[in-house]
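Numbering (my numbering), first residue to last: 457 to 612.
Please keep in mind that the hints were generated in silico from the structure rather than gathered at the bench.
We put the beta carbon where it would ideally sit given N, CA and C, even for glycine.
Treat the hints with care, as some may be off.
Unchecked claim - Beta-carbon label-pair distances, calculated as ranges:
1) R560 x V503: 31 to 37 Å
2) I537 x V503: 18 to 24 Å
3) S477 x A568: 33 to 39 Å
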Amino acid sequence: MIVFDLQCSARHVFEAWFGSSAAYDEQRTRGLLACPICADTAVTKAVMAPNIPAKGNRATEPSTAPAAVTVAANAPSPKDIKAALQVIAKAQAEMLAQSTWVGRGFADTARAMHDGTVAQAPIHGQTTLAEATALVEEGVPIAPLPLPIAPPETVN
457 MIVFDLQCSA RHVFEAWFGS SAAYDEQRTR GLLACPICAD TAVTKAVMAP
507 NIPAKGNRAT EPSTAPAAVT VAANAPSPKD IKAALQVIAK AQAEMLAQST
557 WVGRGFADTA RAMHDGTVAQ APIHGQTTLA EATALVEEGV PIAPLPLPIA
607 PPETVN
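All chains should be built: construct the whole structure from the sequences, respecting the hints.
What follows is the structure, encoded as structure tokens:
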């Protein structure tokens, strides 16, 4: 697994895990990446600071450079953000436990349920932005998951 900091065109930065760098490239090409804050799909890798550990035989020197951090006065604290994300993740997990994974067949299954071809039931799966847009234009009630999930077949 590899973690990347990603950034949308609105400059929201968020973290995402991938099986490999190639998996990131494939998901980005297929339009499967979206900002969890604004749903923008113009997502690219953000600049990340390298994590280079100090040698064991060297003492670390404190940095004399000032920290360049700007935080809005009314911005929530990282602790508050983490707590909110945990609540969202728990609620999403509870909903998914009562839903059926339909994978890449999501658009077809949702459309069939809307048309009355198959019985309605809670489902979740994968679709492209173009397929999701078409479903919305057809009046099929869908909603994106607030947090990304791994397809069941990829979970160990």
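(request) Enumerate the violated hints, using their earlier numbering and listing them in ascending order. (result) Structure breaks no hint.
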